[in-house]
Each structure stands twice: as structure tokens, then as C-alpha cells.
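*Asks:* In case you want the letters, here they are:
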Amino acid sequence: MNLRPGRRAALIAAGAGGALALGWLVTSQGPLAPAKVTVATVEQRTLQAGSFGIGTVEARRSYALGPTSASRVTRVLVDQGDAVKAGQLLAELDPVDLEDRVASGRLAAERAAGTIRAAEAQLAEARSRAQVAVSAARRSTELRAQGFVSQEAVDTRGHEANAAKAAVDAAAAQLAVAQRDRDRALADVAGVGKLRAQARLASPVDGVISARLVEPGTTLVAGQAVLQIIDPASLWIRARINQRQAGAVRVGQSAEIVLRSDPERVHPGKVERIDWVSDTVTEERIVNVGFAERPAGVPVGELVEVTIRTADLANVRSVPTAAVKRVDRQDGIWRITGGRVAFRPVKVGITTLDGRSQIVDGLDVGDEVVVHSERALQTDGKVRVVAAIVRSAP
Amino acid sequence: MINLAGRDILHGWGRFLFTGVGLGLLIGVTLSMAGIYRGMVDDAKVLLGNVGADLWVVQRDTLGPYAEPSNVRDDAYRALLGVRGVADAGNVTYLTMQIQHEGRDVRVMLVGFEPGHPGEPGSLVAGRPITRSHYEAIADERTGLRIDQRVRIRRHEYTVVGLTRRAVSSGGDPMVFVPLQDAQEVQFLKDNDALLNERARTAANPAFNRPGVPGLLEAVQASQASSRTVNVVMLRLAPHADEAVVAREIRRWKHLEAYTRADMDEILVAKLIATSAKQIFMFLVILAVVSAAIVAFIIYTMTLAKQREIAVLKLIGARNRSIAGMILQQALGLGVIGFVVGRTAAALWAPVFPKYVLLLPGDAVVGAALVMAICALASVVAIRAALRIDPATAIGG
Chain G
1 MNLRPGRRAA
11 LIAAGAGGAL
21 ALGWLVTSQG
31 PLAPAKVTVA
41 TVEQRTLQAG
51 SFGIGTVEAR
61 RSYALGPTSA
71 SRVTRVLVDQ
81 GDAVKAGQLL
91 AELDPVDLED
101 RVASGRLAAE
111 RAAGTIRAAE
121 AQLAEARSRA
131 QVAVSAARRS
141 TELRAQGFVS
151 QEAVDTRGHE
161 ANAAKAAVDA
171 AAAQLAVAQR
181 DRDRALADVA
191 GVGKLRAQAR
201 LASPVDGVIS
211 ARLVEPGTTL
221 VAGQAVLQII
231 DPASLWIRAR
241 INQRQAGAVR
251 VGQSAEIVLR
261 SDPERVHPGK
271 VERIDWVSDT
281 VTEERIVNVG
291 FAERPAGVPV
301 GELVEVTIRT
311 ADLANVRSVP
321 TAAVKRVDRQ
331 DGIWRITGGR
341 VAFRPVKVGI
351 TTLDGRSQIV
361 DGLDVGDEVV
371 VHSERALQTD
381 GKVRVVAAIV
391 RSAP
Chain B
1001 MINLAGRDIL
1011 HGWGRFLFTG
1021 VGLGLLIGVT
1031 LSMAGIYRGM
1041 VDDAKVLLGN
1051 VGADLWVVQR
1061 DTLGPYAEPS
1071 NVRDDAYRAL
1081 LGVRGVADAG
1091 NVTYLTMQIQ
1101 HEGRDVRVML
1111 VGFEPGHPGE
1121 PGSLVAGRPI
1131 TRSHYEAIAD
1141 ERTGLRIDQR
1151 VRIRRHEYTV
1161 VGLTRRAVSS
1171 GGDPMVFVPL
1181 QDAQEVQFLK
1191 DNDALLNERA
1201 RTAANPAFNR
1211 PGVPGLLEAV
1221 QASQASSRTV
1231 NVVMLRLAPH
1241 ADEAVVAREI
1251 RRWKHLEAYT
1261 RADMDEILVA
1271 KLIATSAKQI
1281 FMFLVILAVV
1291 SAAIVAFIIY
1301 TMTLAKQREI
1311 AVLKLIGARN
1321 RSIAGMILQQ
1331 ALGLGVIGFV
1341 VGRTAAALWA
1351 PVFPKYVLLL
1361 PGDAVVGAAL
1371 VMAICALASV
1381 VAIRAALRID
1391 PATAIGG
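Each protein sequence line maps, in turn, to chains G and B. In this text, residue positions in the first sequence follow this note's numbering: the first is 1, and each later residue adds one. In this text, residue positions in the second sequence follow this note's numbering: the first is 1001, and each later residue adds one.
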């Protein structure tokens, strides 16, 4: 081409620039570009293993007071939040016909007492008759020996004596029956009296009324609660911890409790009980955590988050958990050497709640490993280390 | 011999360059269209590849969980673990929903998964995996969420602990991963108002609120507020296991449907995105035709504008071959500029698209060849017109 040299150079430069721009775009933006990664080094430090669960505030002991038989509520003397003492009368139930049944029982007892007296009199009479009959029979036997009376007369007297003795036994049995009747009537009276005592609901403990469930006039079935009382000193957390994380939880471990109503404050606590029975449906274990110092005014049923410190491992090698990847059904990490990566299987120990994984085997302190990558890595793939792949929030 | 095409271009290089850039933008649109189609297919593949599963077990006679709703009891995994060849099982739920973030609505797909089991998110681009069994979330960066931000999903606030890239549903909604139990709760426990209304509705039903049976209402309400279903159980198989055999076993004895990776590919690519893919392909064809037509028109009008010059060339005895070569070279030059500009433009605006745009080098090579072929074809019309020019017109005849 017959061009001025300047123009020619400019054209070549523009062409080369365009080709370079295209080449840069293809190799830096598309699938051919090296993958951007962030890296971390293997560190030796103390790891705090922990378990996390959510739970609710519950009273360790909660009492539901209610009648043992169907009845109607007459009075409820306390309201929710009231502090009560053990033995304090809290509510009264309408005894309906209990008073009448007590009166009826008493009357029956009195009547039984009359029957007893009558039976006693009958017994005395029978005894006296028997005495007369027996002595008459004896006399008749003596007279027969002397030949004054006939044998028939002797037999008649003997029969009369036997009949009179049988009458004594019958009267004695009647007396015993009458006595049992009286006892039964008295027991009835005592039983109804106890029932009437049940109609007065008294607090079994010193505590706080947590719920007033019914109002006067309500008819209840047997066992239905009128009031609920809790012992506020016994408030604790019933936490549910995934079975996978619950293995290391032991009684006595320290815990951190965060109430939903006050998420900024952390209350110290302690594991107090681990239920023997695990929830088979939700696959969670139930762990009870007590407050070291019970916060004031925490409501029963509030949702809480519990973090239990299960172990402190001193001086162990660890990497960020995000660095542990799974390739071909094997846990491992991507190690960087000279701008290229290679997969190295490792044995992972515990993982902490803040996202660090213990490396039991497979890496040394100071090894550089890939934490995040913008796409799945290939063995011997080229990578470019950046501070962060995604810009953090402003 | 002097290069006629070069001389002519230099004569009006501004016009030539701008024509090329305009054409390039059109080619860029075409390439982006192809990239959108590739992105859709790739999204589907990433969706399947990320979860690390070999088998997808879903409700019988459904194409779940992506193409159709599917419900499986969440304890089915125990029975599945007993099937010979199954190494690991993970319950997964999917729910497309709207969340509020910084005052705007974000449409997301909420994924419930069990950490350490199939179904967990693939590699992270920031943060850490979920370590707590509740109220932590991993979000896709497209949601706009960032590490340590708190996001409210229905009744609870979740802390974002990790970010993923390109974890999107087949519809393109970014995913938010939360622990399974939280996700199950989200599926069933609605907002507080809905809960209260539901309780009142149940209480108003005399069958559930009988005066003589205290506790019945509470029991019914408790049973309404819990969810025992998941959408899919993902299985990882032992190294020796044949997935087709295991799938058959599950279909026959567990009365569930089991899909292999190939089946899921088929369902996602051939069934779920088939219509939209065809739509895009048709658009791509039309764009290619329109581009070809425009190239043809441009070169034709460029040639007609040079009518007098060509006539002069003919008059001074230039051969037809030289003239045809000039037009062809100009057309090809236009194609090169157009392709470079188009490819660059497509690469530059691809990240701005809401859905993933995948520009494959292979597509680019095919595109370049097509552009050149179209330019060459288009120049034929112009060459025919140029050859028919009467040299006499040069001297005003």
C-alpha cells in the first residue's frame, strides 16, 4: 500500500490495539480466564468447639391445679402474675350436691346407729330366751331320769333350747351387719368430705401464677386446669440440639443464652440435664440449660438461642471451613503452588461454629490453601489470588 | 498493484468505521442472544452439578422437584439409606418466595438442606458454610445480600454467613440456602397474622373445639403448625453402585420416583427450558437473517455511492476482478470490524444481564465464520451491481 508512514503506523497500532482488547476480553472475562480465588494459610491456634440449638424458656416445675371431678368454678382468688405461698387458697369450686351428700351420709350413719341399738336389744333378748330354754331342757332331762315326764316332753324341751341358741347367733350376726352399715355410712361421709376439700384449690408451692385459665361460672371436666403455678426460681431452657451436634454435650458445660427479646445480651448458663430420650421425629436431643443468673421478667415460652461450649482444643492446625471441599466423595483442600492448584485430601476434625475446621492430617502450618473460588476448580488449573471475590456491603 | 479497497476505505474511513461499529453492535446482540441460550442450559447444569447428588428421589409420578411440585415425607430418607448402594442421603426443600432486602422485594428460591449432605451449596465465593442448625443462611450474590447482613424470611431473621455465585433456579431466581428445619417451618408457618387467623378458624370449627374435650383444640393446632415433608431426597451412591439399578430398586420397593443425573438433565434442558430455549433460538435466527440483510444493504449502498468512481476505474481499464475484489475486501473488512466490536460489546455487557450469559469460544468461532460468510454472500449482490455499471457514466453520459 502506498501510504504515508505515520498513517500506516497508526492503522497498524489501531488494528493491534483492537486485537489486543479482544484477546484481553476473551482471556480475562470468559471461561478461559484464570479463576479468581481467595486464599488463607493453615494456622495453629486454639479452637473452641461448640453446639448450637434453639429452645424455649420453661419452668422446671409447673403445677396445673384443677378439680378431680366435674365441677363449676365459684371463685378464682388470684390472677396471673400473683405471687402465692404454699397452702394459700387460690380458687373454689362449686360443690353442687356435695353438702347434701354429706348430710345424707350423716343421716345414714345415724340410722345405722339406731339399727345397731335395736340389734343389740334383740341379741340380749335372744340370750335371755336361750338361758331359759336351756335350763328348762336340763330340768326336763333330770325329771325323765326319775320317770316323771315322757321322753317326748324331753325332746321338745331340747329342741326349744337349740332353737333359742340359734336365735342368739342370728341376732349377733344382725348386730355385726348393722355395725358395718354404720361404718360404711361414716366412710361415705369422710369420702364426700375429702371431695369437698378438693373443691378448694390451694397452692402446693411458693410460686407465681403463670396462667388463669378459667373464670368463675365455667364448668370443668375432671382434671381440667384452673390455674397454673410455676416456681420462678426453677426457670431454665429446654433447648433442642441436632443429634449430629449433640454428641459432645455434657452436663456442666458452660453455655451462652440469647433471648429473642434482647438479642444483644448474652446470658451465661450451664448445661443442667440431658434428656435420656431423644426426639426421634425431629432428630434432636433435648438439653436443659440453666441460667447462671436468672434475668428478671423473662417470660416462659420465649424463644432462645443456646450455644454450648463443648471443648477447647489447644494448638491445633485449622483452616476456614469454606476451604474444605468435596471432590469425588473425598474431603480435601485446594493447595496453591506457583499460581496453579492441586487437590489434596485431608482429614478434617472438628468444625467450630465460627467456621474453622481442624485439620487432623494432610497439611502443614503455613500451607496456602484456596478458601473461595468463583467457579469449580480443576486440577492444575490457573488461579488468580484476589482479596475478595465479592465486594462486601458498603 | 495498488490495493483499491484500502485506498477507498482510507478515503472515507470515518464512515466505514462507524458502519462497522454499527454492524458490530448488531452482531454483539446476536452473540449475546446465543450467550443467553447457552447460559440457560449452563444454569440448569450448574443447578444439578452443585448439589453433588447421584440420584434425585421425588414423589411418585412427578417430574420433581424442579419441573413439578413433589412432596416426600422427611423420614423417607431412612428407608432410602437402607437401599443397597446408597451411601448418603439428604433432604432438600425448594420454595420460591419473595423476601425484603433494603426496602425492595427480591424474588428468591429458598432451599432447605442438611449441612454435610447432598443438596448443600457448591463452592462459596465468600464467607463460610452453615455451622449452626438454625437461622443462618447462604445467599447467592445476585440477591444483593452480603456477608453479615441480616435478612428476614417470614418469621425469623437470618444471618448471611456465605455467598455463592450462579446458584439460581431454572427460572433464574437466585437461591438462598437455610437449614432444613427452618425451611420446613417457612413452608408451613406463615406470618403471624396468618397464624392467628388460622388458629381462630380452627377454633371456630365445632369439630375441633368441643366443650367436653379440653386440650383437643390445642392438639389440633399444634399438628397444623408442623411440616413433615420435603421436596426431594438427594442420594449419593457408593463408588461401585450402578445408579440405574438403585433407581429401579427405589421405584419398585419404595414407591417413589428416582431420577439419575442424565434424567434430570433431560427434564431440565429438554422439558423445562425447552420452550424458552426455542423462543431464543428463533429470535437468534431472525437476528442472523436481519444482520445478513443489513450487511447486504450497507455494502450495496456503499457500492452505489461509488458508482462514478467505479465507472472511472472501468474507463481507465481496471479489470472486473479488481473491482469485485475491492468490494469483497471491503465487505470482509466490515465483517472483521463488526465481529471484533460485537464480541467485545457482548463481553462487556454480558455481566449486566440479570441472567447468566455464557459466551463460549466455540460459539464465537462459529459466529466469526458465519459473519464472514454472510459478508461474502452479501457482497455478491453489490459486485453484480458494480459490474453492470456503464463506464460512460464517468464522463456524464
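Bear in mind the hints are in silico, worked out from the structure with no lab data behind them. Check before you lean on any hint, since a few could be wrong.
One side of the interface only, derived from the structure: several residues of chain B facing chain G at Cβ under 8 Å [said to hold, decoys possible]: (1) L1025; (2) G1122; (3) L1124; (4) V1125; (5) S1133; (6) T1159.
Reference listing, derived: stretches of chain B covered by chain G, where coverage requires no fewer than 3 residues with Cβ under 8 Å from a Cβ of chain G [what the hints assert, rightly or not]: (7) 1139 to 1147; (8) 1293 to 1303; (9) 1338 to 1346.
For lysine-lysine, the following PhoX-like pairs were computed, each having C-alpha atoms within a straight-line distance of at most 25 Å [claimed, not checked]: (10) K36/G - K1271/B; (11) K36/G - K382/G; (12) K1045/B - K1278/B; (13) K270/G - K325/G; (14) K1355/B - K1271/B; (15) K382/G - K1045/B; (16) K1355/B - K36/G; (17) K165/G - K194/G; (18) K194/G - K85/G; (19) K1045/B - K1271/B; (20) K1271/B - K325/G; (21) K1278/B - K1355/B.
Don't be surprised by glycine CBs; every beta carbon is placed ideally from N, CA and C.
*Asks:* Work down the list of hints and note, for each, if the structure agrees.
*Replies:* For each hint, the structure was consulted:
Look at L1025/B: its Cβ only gets to about 15 Å from chain G, farther than 8 Å, so that hint breaks. For G1122/B, the interface hint holds, the least distance from its beta-carbon to any beta-carbon of chain G being 7 Å, beneath 8 Å. Because the closest C-beta pair between L1124/B and chain G is about 5 Å apart, less than 8 Å, the hint holds. Given the 8 Å rule on beta carbons, the hint for V1125/B holds: about 4 Å separates it from the nearest Cβ of chain G.
The restraint placing S1133/B at the interface with chain G holds, with a minimum CB-CB distance near 4 Å, inside the 8 Å limit. Annotation: interface hint on T1159/B violated; nearest CB of chain G at approximately 11 Å, more than 8 Å. Given a C-beta distance limit of less than 8 Å, the hint that chain G covers the region 1139 to 1147 of chain B holds, as 3 residues qualify and 3 suffice. By the rule of at least three residues with a Cβ nearer than 8 Å to a Cβ of chain G, the coverage given for the region 1293 to 1303 of chain B is violated, with 0 such residues.
Figure legend: the region 1338 to 1346 of chain B, annotated as covered by chain G; annotation consistent (3 residues with Cβ-Cβ distances under 8 Å, at least 3 required). The suggested pairing of K36/G with K1271/B is violated, with an alpha-carbon distance near 34 Å, which exceeds 25 Å. At most 25 Å may separate the alpha-carbon atoms for a hinted pair to count; K36/G and K382/G meet this at roughly 9 Å. Between the alpha carbons of K1045/B and K1278/B the distance comes to roughly 18 Å, so the proposed pair stays at or under 25 Å and holds.
Restraint check for K270/G and K325/G: not satisfied, since their Cα atoms lie roughly 35 Å apart, outside the 25 Å limit. Using a Cα cut-off of 25 Å, the hinted pair K1355/B and K1271/B holds, with the two alpha carbons roughly 19 Å apart. In summary, the hint linking K382/G to K1045/B is supported, as the alpha carbons are separated by about 23 Å, within the 25 Å threshold. For the proposed pair K1355/B and K36/G, the alpha carbon gap of about 20 Å is at most 25 Å, so the pair holds.
Pair hint K165/G plus K194/G does not hold up; C-alpha atoms about 44 Å apart against a cutoff of 25 Å. Only pairs whose Cα atoms come within 25 Å are accepted, and K194/G paired with K85/G is accepted, the gap being roughly 22 Å. Proposed proximity of K1045/B and K1271/B is supported: the alpha carbons are some 14 Å apart, at most 25 Å. A threshold of 25 Å between alpha carbons decides the hint, and for K1271/B with K325/G the separation of about 32 Å lies outside it, so the pair is violated.
For the suggested pair K1278/B and K1355/B, the alpha carbons sit about 17 Å apart, so the restraint of at most 25 Å is met.
Hint check: violations occur at hints 1, 6, 8, 10, 13, 17 and 20; the rest are consistent with the structure.
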